[in-house]
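Trainee: Chain residues, written in single-letter form:
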Amino acid sequence: MQLIDKRLNPSGKSLPNRQRFLRRARAIIRKAVSDASADRNIREVDGGGAVVIPASGIEEPHFHRGAAGKRGHVLPGNREFLEGDRLARPGGGGGRGQGSQAGQGEGEDQFSIVLSAEEFLDFFLEDLELPHLERRRLAVMKSQGIRRAGYASSGSPANLAVLRTMRNALARRTALNRPSSEDVRALEDELERAERDGVSADEIAALRQRLDQMRGRSRGIPYIDPIDIRFRRFEPQPRPVAQAVMFCLMDVSGSMTEHMKDLAKRFFMLLYVFLNKRYEQVEIVFIRHTDEAKEVDEDTFFHSRETGGTRVSTALKEMARIAAERYPIDAWNIYAAQASDGDNERADNPEAIALLSEAILPICQYFAYIEVSEPDRETAMSSVWKAYENLGEDAPAMRRVSTRADIFPVFRELFARQQEGAGA
Amino acid sequence: MSQLLYEGADWNFDTVQRAHDVIEKIAVGDLGLSVYPNQIEVITAEQMLDAYASTGMPIFYPHWSFGKRFVQHEQFYRKGLSGLAYEIVINSSPCISYIMEGNTMTMQTLVIAHAAFGHNHFFRNNYTFKDWTDPAGILDYLVFARSYIASCEDRYGVSAVERVLDAAHALMGQGVNSSPRRRRPDLKTEEARQRERRMNDERIHNELWRTLPRGAAPQPAREDETLLRKLLELPQENLLYFFEKNAPKLAPWQREILRIVRLMAQYFYPQRLTKVMNEGTATFVHYTIMNKLHEQGRITDGAYLEFLASHTNVITQPTFEDPHYSGMNPYALGFAMMQDLERACLKPDDEDRIWLPDIAGCGDPMGALRDIWANFRDESFVLQYLSPKVIRQFRLFNLLDDPGEPTLLVEAIHNERGYRRVRAALGRSYDVAYSDPQIEVAAVDLAGDRRLILNHKVQDGALLAESEARSVLRHIAMLWGYEVRLQEIDADGRVLKEHNAGSNPQ
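Same order as they appear, the protein sequences are chains A and B.
Residue numbers in the first sequence follow this note's numbering, run continuously in steps of one, and reach 428 at the last position.
Residue numbers in the second sequence follow this note's numbering, run continuously in steps of one, and reach 511 at the last position.
Please keep in mind that the hints were generated in silico from the structure rather than gathered at the bench.
One or more of the hints may lead you astray.
Said to hold, decoys possible - With beta-carbon atoms standing in for the labels, derived distance ranges:
| hint | chain 1 | residue 1 | chain 2 | residue 2 | range |
| --- | --- | --- | --- | --- | --- |
| 1 | B | Y161 | A | I8 | 35 to 41 angstroms |
| 2 | B | S152 | A | P332 | 53 to 59 angstroms |
| 3 | A | T407 | B | S440 | 31 to 37 angstroms |
| 4 | A | D9 | B | D26 | 15 to 21 angstroms |
| 5 | A | I8 | B | A165 | 34 to 40 angstroms |
| 6 | A | I8 | B | Q80 | 25 to 31 angstroms |
As the list claims (entries may be wrong) - Straight-line alpha carbon distances no greater than 30 angstroms define the calculated DSBU-like cross-link-like pairs of lysine-lysine that follow:
| hint | chain 1 | residue 1 | chain 2 | residue 2 |
| --- | --- | --- | --- | --- |
| 7 | B | K280 | A | K74 |
| 8 | A | K10 | B | K280 |
| 9 | B | K352 | B | K297 |
| 10 | A | K74 | B | K394 |
| 11 | B | K352 | A | K74 |
To be verified - A few chain B residues that face chain A, going by a derived Cβ cut-off under 8 angstroms, partial list only:
| hint | residue |
| --- | --- |
| 12 | I48 |
| 13 | F75 |
| 14 | C367 |
| 15 | N403 |
| 16 | I418 |
| 17 | R422 |
Ideal Cβ placement from N, Cα and C applies to all residues, glycine included.
Turn these sequences into a full structure, and let the hints steer you where they fit.
Mentor: This is the structure we're talking about:
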């Protein structure tokens, strides 16, 4: 008998197959992830976890008999039946379908998969269907770095590339056949010996001539020529800034309902996930406002209530202040998303517009405005919307959202619109 | 004291080796088993999960369906809904048994007796395995299959390979020659053959490709049709074989993949035929061996009780009303029948002399059982050896479900009038030729649009499950390359239903 210890062999042989399965079920899983993320809160969204997909999309069909047809079953455990007894069909007819839906059947119809955080996010982002152009655009390069870029024939002495220069010189000397100092010395020795040994004058003269020629050639061809000299070349290279800050601005005045806040939260969540995927570090600043604005933590932001009027400009002013103080634009990519029900004191609009176009939009990679509303309520143009729209070309990305299901498409549209803007 | 093989729950390689040697002495010496050389591999739970997913084989080609199975098992396992099997055993020579590192020593002993001797003996001696499988070549063949499919993926792309594999897997149930072949193929030469085949297939004449007009009369004569049917080996029940040989549009590598899947289906086929016998044999063997070990004082009373507890779990048969009921437990039925046969050999009563005349009172239970293990499969085993005593023990009854009737009929119970009928009905339920739909290639319309016609011989009015049949048919149409029609035909030749699939599915 052979007894083999295989415990140290790599486990996880099935992982490639698991990958294949995920790829196969991609479309279905993507939808499941999209549905699942609608029910999660902001912290959980990039945490992975189980999603449930319908088994119908990944079946492995084969020929087998259907329910029809006469058949016998041999069953164990007869207690009271006698030959010829007739029994009611268990859960027969219409009741059967319902029963299976409620109880055990569910396990057969659905299939639950645990995804890692990484996989979950991949599906999540894939669902956004951002074209590559836009993805690249999102990682906007900001700061300048320097990198080596070959050699140049001019430059500052500090950048002299000694090795390259010497190599060029050697190549040139070899090509032009410049006699080396050893060769010269050897000939000198030979001449000296000849003189000492008293060789014939003709020979000495010949040697002398050769030596003169050699020296002349050595003088005429310099050891290092200016054309040999090379300098290290550097060129500036844009380098992406690896950190981003995301400003969440929200109107928390009395007119904002829980539903509207929830919608806003979903949107912030998406933006967060999206940024988190692309930057090493993402900070979030929550600014809420009524007729005055305050920076708060996430919990307060979403959950505590305030009363008061609505002045959008206060929030913008607060954001500009914080950005100037803590997030210099050469070190941070700044993203901002504003959620509001669109109400604003009429008198405040001009100030808000001015702030937006002068202080905020120039420093932002991206500024999105979403207007949340109760479902099924057709509202007229809100005052904020109208005001922002007046910015024309420079207007931020704007969308209306009234149900949770609207959010994904809205997010997509916002970015698509960005791309158009970039192309124009 | 020194008699004991081990004490306590912990195992190490020495104790496993000692246990194996002692068990081997009992199995070969006392029980007269003949087994392939054993190879026992210790693996972790994670590795067991992996092995589960790829049909238990140590090497297998990659496919998404194995990933799906893995995801399922993993989920159940992590949630604690199901435990893992204690062992997996592979029908190969040497016979590979996996044992888990987490098992106690008693479990390892039990597993060795069960798998490395029970299953192993069955694999080596049962006629279905002898006829259909090549245990010495299977591992080599799996290596070849995996590398061949990997090379196809490199050359033609993963999705192209996946399409063929999906189609082939859908037809695995129809990829078996249900009567044993005339000669045993040598799996070792498969790779060489494959290369030759590819060259050859391109050269040889394929009737379907004939495009040259034949003289002045393009109408095929009747003799031609007969010849054609002969050439295409119609009717053909092995669909995978048929497409491998005759599908006009498949590339050589696609045929080879069909062949790989077909050979796998063929390899696993005996295991479907002998679930009850295979598990019954292994259970009977481990039960006998563990008892002998205890009698000889090689294991402690505690270990013996631990064994009994797990043995009892294995052979539990829930009754039909039990929420855990999921069909007859092959371990329970097989073990009960074999124990009953052993008893009939040694202490027969009058009933046994009527029902089991060939073995009743023969006095050599192991000889009789070895003979049965070698020469029967589930269907014939139940038909021949299910005694009234076992029927009474399980209180079996036959329930007839006729869709034409409003109620179910208790057709037979465990009484004098019912024994034969229960036995016949149970035997029939293990008859794969009855439980699998019988589908065969009936005709190819070569004169016309090259439509392929399949027939399903409907038995007892059991039509195919429709939506899945349609999906499979789409796979078939993909393989065939032209339209496909599936006719469901009853015994009188009436067409009950027709399914069609176009040549360009998806």
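Trainee: Holds or violated: the hint that F75(B) contacts chain A, with Cβ atoms closer than 8 angstroms.
Mentor: holds, 4 angstroms
Trainee: Can the suggested window of 53 to 59 angstroms be confirmed for the beta-carbon pair S152(B) and P332(A)?
Mentor: Given a distance of about 57 angstroms, which is inside 53 to 59 angstroms, the answer is holds.
Trainee: When you check the alpha-carbon spacing of K74(A) and K394(B), does it fall within 30 angstroms?
Mentor: holds, 28 angstroms
Trainee: Closer than 8 angstroms between Cβ atoms is the bar; does I418(B) clear it against chain A? Give me holds or violated.
Mentor: Where the cut-off is 8 angstroms and the nearest Cβ of chain A is about 5 angstroms from I418(B), the hint holds.
Trainee: A range of 31 to 37 angstroms was offered for this pair. Does it hold for the Cβ distance of T407(A) and S440(B)?
Mentor: The hint (31 to 37 angstroms, Cβ to Cβ) is violated, given that T407(A) and S440(B) are roughly 50 angstroms apart.
Trainee: With the threshold set at 30 angstroms, check whether the alpha-carbon distance from K352(B) to K297(B) stays at or below it.
Mentor: Between K352(B) and K297(B) the Cα gap is close to 20 angstroms, so the pair holds against 30 angstroms.
Trainee: Look at the Cβ atoms of Y161(B) and I8(A) and judge whether their distance stays inside 35 to 41 angstroms.
Mentor: holds, 36 angstroms
Trainee: Can C367(B) be said to touch chain A, with a Cβ gap under 8 angstroms?
Mentor: This hint is violated: C367(B) lies away from chain A, its Cβ roughly 28 angstroms from the closest one there, beyond 8 angstroms.
Trainee: Is the hinted range of 34 to 40 angstroms satisfied by the C-beta distance from I8(A) to A165(B)?
Mentor: Hint holds: Cβ distance 37 angstroms, inside 34 to 40 angstroms.
Trainee: Any CB of chain A closer than 8 angstroms to the CB of N403(B)?
Mentor: Since chain A brings a Cβ to about 5 angstroms from N403(B), closer than 8 angstroms, the hint holds.
Trainee: Does the CB of R422(B) sit less than 8 angstroms away from some CB of chain A?
Mentor: At 6 angstroms from the nearest chain A Cβ, R422(B) passes the 8 angstroms test, so the hint holds.
Trainee: Is the Cα-Cα distance between K10(A) and K280(B) 30 angstroms or less?
Mentor: With Cα atoms ~28 angstroms apart, K10(A) and K280(B) stay inside 30 angstroms; holds.
Violated hints, in rising order: 3, 11 and 14; the structure is consistent with all others.
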